[in-house]
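Those protein sequences? They're chains G and Z, same order as listed.
In terms of the UniProt record's numbering, the first sequence has 332 at position 332, counting the first letter as 1, and numbering is strictly consecutive.
In terms of the UniProt record's numbering, the second sequence has 149 at position 149, counting the first letter as 1, and numbering is strictly consecutive.
A hint or two may mislead.
Using 27 Å as the maximum straight-line C-alpha spacing, the simulated DSS-like pairs for lysine-lysine come out as follows [claimed, not checked]:
hint, chain 1, residue 1, chain 2, residue 2
1, Z, K101, G, K332
2, Z, K159, G, K314
3, Z, K95, G, K244
4, Z, K101, G, K317
5, G, K314, Z, K21
6, Z, K95, Z, K42
7, Z, K77, Z, K42
8, Z, K95, G, K314
Restraint-style ranges between C-beta atoms, simulated for each label pair [unchecked claim]:
hint, chain 1, residue 1, chain 2, residue 2, range
9, Z, R41, G, L155, 29 to 39 Å
10, G, V298, Z, F82, 44 to 54 Å
11, Z, G107, G, L316, 49 to 59 Å
12, Z, G165, G, Q147, 47 to 57 Å
13, G, L326, Z, E97, 27 to 37 Å
Calculated directly from the structure, the hints in this document are not laboratory data.
For glycine and all other residues, C-beta sits at the position ideal for the given N, C-alpha and C.
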Amino acid sequence: MICRTLINNMPRGLCVMSAAFKMDYRLQRKLSAKTFRIYFIRQRLPSVMAVLLPIPTVPPGMFFCGDELKGPNDSMTSSPPTQTHTRPSRSLVELLCSFFVASWTGVVKYHGPRPSRRPKQVFVANHTSIIDFIILEQMTAFAAIMQKHPGWLGLWQSTALESVGCIWFNRTEAADRAIVARKLREHIQGTDNNPLLIFPEGTCVNNQYTVMFKKGAFELGCTVCPIAIKYNKIFVDAFWNSRKQSFTMHLLQLMTSWAVVCDVWYLEPQHLKPGETAIEFAERVRSIIAVRAGLKMVPWDGYLKYSRPSPKLKELKQQSFAESILCRLEEK
Amino acid sequence: MGNTSSMLTQYDIEEVQEHCKHTYSQQEIVSLYNRFCQLDRKGGGFISADEFLSIPEFAVNPLSQRLLRIVDGLNFKEFVSFLSTFSPRATLQQKVEFIFKLYDSDGNGRVTFNNMLEVLWDLTGHYISAQQREKVLTQVLEEAGYTKDSVLVLSDFMKILSNTGLKMEVEVPVD
Numbered sequence: 001m002i003c004r005t006l007i008n009n010m011p012r013g014l015c016v017m018s019a020a021f022k023m024d025y026r027l028q029r030k031l032s033a034k035t036f037r038i039y040f041i042r043q044r045l046p047s048v049m050a051v052l053l054p055i056p057t058v059p060p061g062m063f064f065c066g067d068e069l070k071g072p073n074d075s076m077t078s079s080p081p082t083q084t085h086t087r088p089s090r091s092l093v094e095l096l097c098s099f100f101v102a103s104w105t106g107v108v109k110y111h112g113p114r115p116s117r118r119p120k121q122v123f124v125a126n127h128t129s130i131i132d133f134i135i136l137e138q139m140t141a142f143a144a145i146m147q148k149h150p151g152w153l154g155l156w157q158s159t160a161l162e163s164v165g166c167i168w169f170n171r172t173e174a175a176d177r178a179i180v181a182r183k184l185r186e187h188i189q190g191t192d193n194n195p196l197l198i199f200p201e202g203t204c205v206n207n208q209y210t211v212m213f214k215k216g217a218f219e220l221g222c223t224v225c226p227i228a229i230k231y232n233k234i235f236v237d238a239f240w241n242s243r244k245q246s247f248t249m250h251l252l253q254l255m256t257s258w259a260v261v262c263d264v265w266y267l268e269p270q271h272l273k274p275g276e277t278a279i280e281f282a283e284r285v286r287s288i289i290a291v292r293a294g295l296k297m298v299p300w301d302g303y304l305k306y307s308r309p310s311p312k313l314k315e316l317k318q319q320s321f322a323e324s325i326l327c328r329l330e331e332k
Numbered sequence: 001m002g003n004t005s006s007m008l009t010q011y012d013i014e015e016v017q018e019h020c021k022h023t024y025s026q027q028e029i030v031s032l033y034n035r036f037c038q039l040d041r042k043g044g045g046f047i048s049a050d051e052f053l054s055i056p057e058f059a060v061n062p063l064s065q066r067l068l069r070i071v072d073g074l075n076f077k078e079f080v081s082f083l084s085t086f087s088p089r090a091t092l093q094q095k096v097e098f099i100f101k102l103y104d105s106d107g108n109g110r111v112t113f114n115n116m117l118e119v120l121w122d123l124t125g126h127y128i129s130a131q132q133r134e135k136v137l138t139q140v141l142e143e144a145g146y147t148k149d150s151v152l153v154l155s156d157f158m159k160i161l162s163n164t165g166l167k168m169e170v171e172v173p174v175d
């Protein structure tokens, strides 16, 4: 299966490699006052080494980050773990993520001003796969809110990601929402915490559409900084359909394809306008992200992937039809 | 990807076209086949009621239970002929026949006052009372020139709906 994928992808892969080699070294570290672009170039890291490199680095890195915690952390208890948010630990997480990105030959182009650490701000992005988080993490150490996954991914989440201060939630529990909202608020109020990254779609989407944003991130009363992520489908389809594929298979698919090419745009921070509701604010931010990344906006709820639509929607339709009939009846 | 047995051959497409009386072009049939394969999650070659309910717009449709009676367990040929009613090339006769089938839940070729009451109940739920429903329906029948006790057949439906400018069309996206 792997040989066939490699052979199929060979012509595309050769284009990528030659493009990477032609890239100008001078552009590698060009920092202007307002914007920067950093090209991650694979000239010095042939693909073979890129695959082998994370193997000796990731486990010690994971345990080092894990050691910063004191004892096991239960997400439901209120006392937060003592996290060291110092520069070295953040740089280590960023380094770890960049090795991971290198292992699947990620060619990421960042546009826009680098996110700055400021209190009372939250980052939102569209979601295609859990690797979105890693791509963003290699530039800035974010804390994210995410669903705990089973298997070795869950292990990685509980060790490496605990150190940056991630919040866990469970989609299937109804009472979870209030607890999560409280934890989000506490995280933002804390001065020492890493900037919070939220994926308001609530689920992975196929990078051609954006589904309705959940309003939780927009009700926190702080600045919302949108981030748009767009993958180039020619190289690989980075959409992770978590119901069809386990993360291991998804990762294998990414690693055996020649490159994961994507663009990340950091967009202008947005505030809640006077007289705007949280839902309207969410829609406005969604349109900004969709326009920048070239995605189509659709009015569907991401959670429809997991459950049937609620019967209230059917009742709404029945109600509107009943009202129109009664109007006609009264006219007679 | 690359499972060649799931590809449609030219003969298959022509056979399906014959069955649906040429209401869809060949490219549209290929698009419909892709959609059929997406919906048929279990890969059994037919779409069960459960798989139809996974379409959100279908699940919130108040007439979904009635539609499910018609569409449960359709294979691809039947799926296309079911959807042929919604093609812009379908005749008004086909569309009215479909509507008649929806109303005629017992399948005896006759639509009584009670059948229509049931459909109205599906459409409006508990937002109007039983008396109001009866009143609405009697008025509708009177306007059309029928009484409360008349039993309607397909030709009556054709007569009533032929002047309404019934559209009921769906566009099949072709890549």
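Each hint tested on the structure:
With a C-alpha separation of about 30 Å, the suggested pairing of K101/Z with K332/G is violated against the 27 Å cut-off. Pair hint K159/Z plus K314/G does not hold up; C-alpha atoms about 31 Å apart against a cutoff of 27 Å. Taken as a hint, the K95/Z and K244/G pair is broken in the structure, with Cα atoms around 38 Å apart against an allowance of 27 Å. For the suggested pair K101/Z and K317/G, the alpha carbons sit about 22 Å apart, so the restraint of at most 27 Å is met.
The suggested pairing of K314/G with K21/Z is violated, with an alpha-carbon distance near 34 Å, which exceeds 27 Å. Between K95/Z and K42/Z, the direct Cα distance comes to roughly 31 Å. Violation of the 27 Å bound is thereby established for this hinted pair. At most 27 Å may separate the alpha-carbon atoms for a hinted pair to count; K77/Z and K42/Z meet this at roughly 18 Å. With a C-alpha separation of about 24 Å, the suggested pairing of K95/Z with K314/G holds against the 27 Å cut-off.
Taking the beta carbon of each, R41/Z and L155/G are about 30 Å apart, inside 29 to 39 Å as hinted. Under the hint 44 to 54 Å, the C-beta atoms of V298/G and F82/Z, about 25 Å apart, miss the expected range. In this structure the supplied range 49 to 59 Å is violated for G107/Z paired with L316/G, their Cβ-Cβ distance being about 31 Å. Taking the beta carbon of each, G165/Z and Q147/G are about 50 Å apart, inside 47 to 57 Å as hinted.
The hinted range of 27 to 37 Å is satisfied by L326/G and E97/Z, whose Cβ atoms lie roughly 30 Å apart.
Of the numbered hints given earlier, the model fails hints 1, 2, 3, 5, 6, 10, 11; all others are met.
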